[in-house]
Amino acid sequence: MSIGWYLAVSAIVFCTGAFGVMTRRNPLVVLLCLELMLNGANLSLIAFSRMWGNGDGQILALIVMTVAACEVCIGLGMIVAIHRRRLPIDVDELRELQG
Amino acid sequence: MSAILFFIAAIGVIAGAIGVVTFSNPFYSVLALVGHLLSLAVLFLLLRAEFVAAAQVVVYAGAVMVLYVFVVAYVGDEEQSLDGVLSRRPRSRGADGRKLTGALFAGVLLVELLIALLGSGLKAVSGDGAPYAPGPRTFGTPAYIGNLLLTRFLLVFEASSLLLLIAAVGGVVLARRRGGLEDDDERNRLTPLDILRPRGTGTMVEGVEGLALAHARGAGDLDDEHPDPDGGGW
Chain U
1 MSIGWYLAVS
11 AIVFCTGAFG
21 VMTRRNPLVV
31 LLCLELMLNG
41 ANLSLIAFSR
51 MWGNGDGQIL
61 ALIVMTVAAC
71 EVCIGLGMIV
81 AIHRRRLPID
91 VDELRELQG
Chain R
1001 MSAILFFIAA
1011 IGVIAGAIGV
1021 VTFSNPFYSV
1031 LALVGHLLSL
1041 AVLFLLLRAE
1051 FVAAAQVVVY
1061 AGAVMVLYVF
1071 VVAYVGDEEQ
1081 SLDGVLSRRP
1091 RSRGADGRKL
1101 TGALFAGVLL
1111 VELLIALLGS
1121 GLKAVSGDGA
1131 PYAPGPRTFG
1141 TPAYIGNLLL
1151 TRFLLVFEAS
1161 SLLLLIAAVG
1171 GVVLARRRGG
1181 LEDDDERNRL
1191 TPLDILRPRG
1201 TGTMVEGVEG
1211 LALAHARGAG
1221 DLDDEHPDPD
1231 GGGW
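If you're matching them up, the sequences are chains U and R in order. By the count of this note's numbering, the first sequence reaches residue 99 at its end, each step adding exactly one. By the count of this note's numbering, the second sequence reaches residue 1234 at its end, each step adding exactly one.
So that you can see chain R by itself, here it is in the shape it has in the complex (with noise of 0.2 Å):
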């Protein structure tokens, strides 16, 4: 049984991690990543690492993917018209060259370490794992974890503690908007008049994007029927 699920968990994680780099929308990767998240808590619940398992799911496969899902939306739309630009521009021989290479080094790290897994001397690499007898406080559980966490990984508890409140401020210290007050331009983004304005479909895409360009290029008569040619996709 534990074999069988083994080997369904195993195909999802390595089809998932080779659908992370293969697709070329990120979006698709991201929920490439998701299914492979979902796939290494099976992983980890065979392993007996039930809380670790159940913290991949909730804080990796729920916010941090959401997180990238949020980017992902708002950074993508350029992202394609920008590969689509640069797809035309003859670019083909560095790629392959890159991806060559790429390929070359991660097989010989791959053959490395297959190489040391299999001719360690480690009797245990081939067993099934210490002793194991289930119970509320034994291997793995929450309150085995917890008694770790809060006694002897005190200070690696608390100093992880302080890196994260230093990366969220970080991150909201990297991504704030520049330059203090908004001008004018930033202002004329979405007024009354353009929620009422027939064209489009009033996406996101369009009101931060299309609009903007559209006024940046001096475009102010809304009645006008493409003034944004990049915008026609939309």
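One chain only, chain U, in its complex shape (with noise of 0.2 Å):
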């Protein structure tokens, strides 16, 4: 199969994750689309890597999954924080930034 394909499903995700993270209410489902967009970003990353026979793509690609593994981290202890100070897990009602 030639890269192009690679890309254009690459693409296709990242949308869908745009999508998703403009229109989902739950913290949760936003991560979740949150990964999707990375996903997309890291299948194009490593397409271009195989594109031109080197390795800096997957590298990359790996800190990707680094860092999104730490988003998700930090992501699911601030959920778990809301939920025990009892506020709605909702991004529209939680628009306020004080402690």
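There are no misleading hints in this set.
Now the stretches of chain R that chain U is said to cover, found in silico as 3 or more residues with beta-carbon under 8 Å: (1) 1014-1028; (2) 1159-1169.
Heads up, incomplete: computed chain R residues facing chain U, CB under 8 Å, no partners named: (3) 1003; (4) 1040; (5) 1043; (6) 1048; (7) 1049; (8) 1099; (9) 1113; (10) 1114; (11) 1117; (12) 1145; (13) 1149.
Please keep in mind that the hints were generated in silico from the structure rather than gathered at the bench. For glycine and all other residues, C-beta sits at the position ideal for the given N, C-alpha and C.
Could you use the hints to bring the two separately framed chains together as a complex?
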């Protein structure tokens, strides 16, 4: 398969994730859609890495996975903290950043 | 052969992505994301990225998704009831407008990306990629990735390990129990009398949430039939 097909799939996945980030109100699902966007970017990175026969893109994809794991850790910790304080778990309701 | 595998995996990837966005229950969204990640690992294998595919399955579809499932199980109960309350409230206009705007922006972004892809002058985009010869230390194998990570990208490697440490500490700090020692409310959450009690099925949700609510409302008599109307579903 030519590299262009992989890039098209990655664009579709990225846009699906962006749509989810813009429309969903549950922060858990927003985090899942962020994962979708990162995965779309990862797929295109690895496709370009294959295109040039160069391993740097794969290293960058691994680093993106690491950063995504960190983001999930912090995001889920924040959701658990919100749940503990009995606040509504809804990104439209949580507008203020005061402690 | 590789074309058939590509189309099967690509359909899995896109279907999983659409499932994540459209399922209303977060638990199903997580399951759809697991399917998406497994199909994506197949695409990585087709692109000769063996180590990244293995890391994707082990780290993402394994560890990170388990974390998600735990948090959905911990938070999800209130989420469902909250959704039920909110759906009765008239909010259809705002939701429709948001969906429409989101679809518009995502569609514009997709069109722009596809224009960039189709109009690119790169000849290599329509090719199969660089020549590849299978071997023990060739492109994409663990030996190759490890060699790159520990020589050329050593600083990046160390910085990402430091980032993981900071994120782990931050997660513990964010999700910790506030206020130090446990108070009376928390001490009364689960007693042996509650376990012997016939009402309910003894699920974790009832143990953590339902009893705490019952205690908070002052329903000290545990033989009461339904002290918590919200817990009737359990």
